[in-house]
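All chains should be built: construct the whole structure from the sequences, respecting the hints.
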Amino acid sequence: MLTFTEEHEMFRTTVRDVVRNEIDPHCDEWEHTGDFPAHQLFKRLGDLGLIGVEYDAEMGGGAADHVYTMILGEEMGRCASLGVAMAFAVQTDMATPSLHEFGSPELKEQFLRPAIAGDMVTSVAVSEPDAGSDVAALRTRAVRDGDEWVINGSKMWITNGTQADWLCLLCRTSDEGGYRGMSQIVVPTSTPGFTVSRKLDKLGMRASDTAELVFEDVRVPVANTIGEIGRGFQQQMSQFQNERMIASYQMVGAIELALERTAAYLQERQAFGAPLAANQYLQYELADVAADLDMLRHHNWAAVAKYQRGEDMTREATVAKLKAARIARRMADLAVQFHGGMGYVEENWPARFFRDTRLWSIGGGADEVMLRTLARMNGILPG
Amino acid sequence: MNVVVCVKQIPDPADPGALDPNTKTLKRDGKLILDESDSYGVEMALQLVDAAGGGEVTLVSMAPNGETAGLRTALAMGAAKAVLVSDDALQGSDALGTSKVLAKAIERAGQADLILTATESSDGYTGTVPEQIAELLSLPSVTFAKSITVDGSSVKVQRQTESGYDDVECPLPAVVSVTAGVVEPRYPSFKGIMAAKSKPVDQVGLGDLGVDAGSVGWAGAGQEIVEIATAEARAASTVVEDDGEAFQKIVDMLAELKIV
Chain A
1 MLTFTEEHEM
11 FRTTVRDVVR
21 NEIDPHCDEW
31 EHTGDFPAHQ
41 LFKRLGDLGL
51 IGVEYDAEMG
61 GGAADHVYTM
71 ILGEEMGRCA
81 SLGVAMAFAV
91 QTDMATPSLH
101 EFGSPELKEQ
111 FLRPAIAGDM
121 VTSVAVSEPD
131 AGSDVAALRT
141 RAVRDGDEWV
151 INGSKMWITN
161 GTQADWLCLL
171 CRTSDEGGYR
181 GMSQIVVPTS
191 TPGFTVSRKL
201 DKLGMRASDT
211 AELVFEDVRV
221 PVANTIGEIG
231 RGFQQQMSQF
241 QNERMIASYQ
251 MVGAIELALE
261 RTAAYLQERQ
271 AFGAPLAANQ
281 YLQYELADVA
291 ADLDMLRHHN
301 WAAVAKYQRG
311 EDMTREATVA
321 KLKAARIARR
331 MADLAVQFHG
341 GMGYVEENWP
351 ARFFRDTRLW
361 SIGGGADEVM
371 LRTLARMNGI
381 LPG
Chain B
1 MNVVVCVKQI
11 PDPADPGALD
21 PNTKTLKRDG
31 KLILDESDSY
41 GVEMALQLVD
51 AAGGGEVTLV
61 SMAPNGETAG
71 LRTALAMGAA
81 KAVLVSDDAL
91 QGSDALGTSK
101 VLAKAIERAG
111 QADLILTATE
121 SSDGYTGTVP
131 EQIAELLSLP
141 SVTFAKSITV
151 DGSSVKVQRQ
161 TESGYDDVEC
171 PLPAVVSVTA
181 GVVEPRYPSF
191 KGIMAAKSKP
201 VDQVGLGDLG
211 VDAGSVGWAG
221 AGQEIVEIAT
231 AEARAASTVV
241 EDDGEAFQKI
251 VDMLAELKIV
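Chains as they are written, first to last, in our numbering: chain A, 1 to 383; chain B, 1 to 260.
These aren't lab readings, by the way, just hints derived from the structure by calculation.
Where is the CB? At the ideal position from N, CA and C, for every residue including glycine.
Among the hints, erroneous ones may be present.
Pairs of lysine to any residue residues, derived as SDA-like cross-links and limited to a Cα-Cα distance of at most 20 Å, are as follows [to be verified]:
| hint | chain 1 | residue 1 | chain 2 | residue 2 |
| --- | --- | --- | --- | --- |
| 1 | B | 191 | A | 54 |
| 2 | B | 81 | A | 6 |
| 3 | B | 81 | B | 68 |
| 4 | B | 197 | A | 4 |
DEER-style ranges, computed between Cβ atoms [to be verified]:
| hint | chain 1 | residue 1 | chain 2 | residue 2 | range |
| --- | --- | --- | --- | --- | --- |
| 5 | A | 40 | B | 227 | 53 to 59 Å |
| 6 | A | 333 | B | 12 | 54 to 60 Å |
| 7 | A | 40 | B | 154 | 38 to 44 Å |
| 8 | A | 333 | B | 149 | 36 to 42 Å |
| 9 | B | 200 | A | 5 | 14 to 20 Å |
| 10 | B | 195 | A | 275 | 46 to 52 Å |
| 11 | A | 291 | B | 165 | 52 to 58 Å |
Rendered as structure tokens:
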């Protein structure tokens, strides 16, 4: 069981108020335009200390415990656009953890400090057209030329890709195949040879820009390598744990709000002479989601405790990511169904929620990858 | 410049409040939060101190059970310290009793150039405490400020009226009540929240302030709540059928309500 302090609760209030007052009012417009002003928003959130809450204080971080990250995720999950919440999570928990954990002081000074301040927007560039969840299949390659890497290849489905100032790139840096011979490299997007080849038109998360990126003889210093050359895959796997947990934290907030809103609608909406909430079937379906949400929340708490003890939490992050996405998808389906026609039109929240939640069973490691990991851990794979 | 802000910690309006059937007063035994009405005074004070180029903001509050949650929010916004008066004998205090305690707490807070309050609290709504504090401290009182500027030893206030505002100027120190919505209260930042943990809260009882327990609380209350009753359900809305002249009826209704 986690203990929440007065400071944790105050932090929750700040994030909830910021989301409600400064982000939500703009989400309809951002969903329509297909992007949001990342530099402007991240600067505002950086000024409030919401980026890098756990990172070193000397880099401008908060040096706080992981409970703050969980609270930040839960409250961002209540955002009217899960796309904006996801894009922000890329900055806080997907593109920067490796740099914080393994980066040299000089590299952190140049790229992490401005990211924490909200002065730079970041992306994590792992997936490729032929290598999504199967990270070992990626082909983008960096070849050493003196003190520089020369990078060629392409990346796909990159969140913040059209706005990022730098990428945390995972690519091959040797001829070893499979998981070996990869490195993480910080690539400034102003480097010649880097281009955004197209912005992707997605089913959901529409306020968040997603891009395909191309690297043609992109030269960056070898000093931009995060951590050890050749350890990129392992470092990225560690970074994925943060990504999967922040997704689960966000889904707790998202499911919680969807439950509240759907329950309120069922109380209000009259049909056949009584509120819809009078129907036992509807009550029980939502109660069942509420039970799932309780279990997810408590699973997250256990994961947070383990994270804070510095223990490996691969299993917890895998279970959290898998179940959070599936419970969110079920909640979204019920929200649309119970709102009827009102839930199927874009002017009401369930339609967007339905489209947005679908992503989390695909992005950050698809459900099938989570299941494969768990099957291996449980000895279910054939010998 | 040193500014003292009176802040009230109230039950969270988001949770359904309850009246104690015996005392006929609001139950305050749960978690208390900063009254939103006071967040404007805190913000105004922080801006005035910034504009003056120095000084600090001190909070004074009166709350049961040594409750500090609401104070911590204001400290996280940027106030430097707080004086909290908490004493069992304060239960049942009316507006005048509250004013006596707050006036003493303000004196304890040190030399203040300006004292800010909300125009009224969000749970009591008497709207009389600011003026009583001013009287007890023998200071000028300016109410319903929508804008405050300090110029040397005087304060200039735009005082909200029904038809606009009055320009008021008075010497410092003074007690000024601030209307809601005139400034945008800042969010407590992460660093502000962390810093608030170590900011001093001077917790005192009536004895520390030299206040006679018999002059406050139930013992000293000059007013009595004789009855509480459930509020009437809100009346049904008025439906104006449009016969081509509906706009005139609506304009007349708004005029009657003094909205236009």
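Status of the hints after comparison with the structure:
1. Of the pairs offered as hints, the one joining residue 191 of chain B and residue 54 of chain A holds, with about 12 Å between alpha carbons and a cut-off of 20 Å not exceeded.
2. Using a Cα cut-off of 20 Å, the hinted pair residue 81 of chain B and residue 6 of chain A holds, with the two alpha carbons roughly 17 Å apart.
3. Taking the CA atoms of residue 81 of chain B and residue 68 of chain B, the gap is near 12 Å; set against the 20 Å cutoff, the hint holds.
4. Distance check on the hinted pair: residue 197 of chain B and residue 4 of chain A sit about 14 Å apart at the alpha-carbon level, within 20 Å; holds.
5. Restraint check, residue 40 of chain A to residue 227 of chain B: a C-beta distance of roughly 55 Å satisfies the suggested window 53 to 59 Å.
6. Distance hint check: the CB atoms of residue 333 of chain A and residue 12 of chain B are about 33 Å apart, inconsistent with the given range 54 to 60 Å.
7. A beta carbon spacing of about 40 Å between residue 40 of chain A and residue 154 of chain B agrees with the range 38 to 44 Å that was offered as a hint.
8. Checked against the hint of 36 to 42 Å, the pair residue 333 of chain A and residue 149 of chain B fails, with Cβ atoms roughly 57 Å apart.
9. Between residue 200 of chain B and residue 5 of chain A the Cβ separation comes to about 19 Å, which falls inside the hinted range of 14 to 20 Å.
10. Checked against the hint of 46 to 52 Å, the pair residue 195 of chain B and residue 275 of chain A passes, with Cβ atoms roughly 47 Å apart.
11. With their beta carbons about 55 Å apart, residue 291 of chain A and residue 165 of chain B fall inside the hinted range of 52 to 58 Å.
Violation of the numbered hints given earlier is confined to hints 6, 8; the remaining hints are satisfied by the structure.
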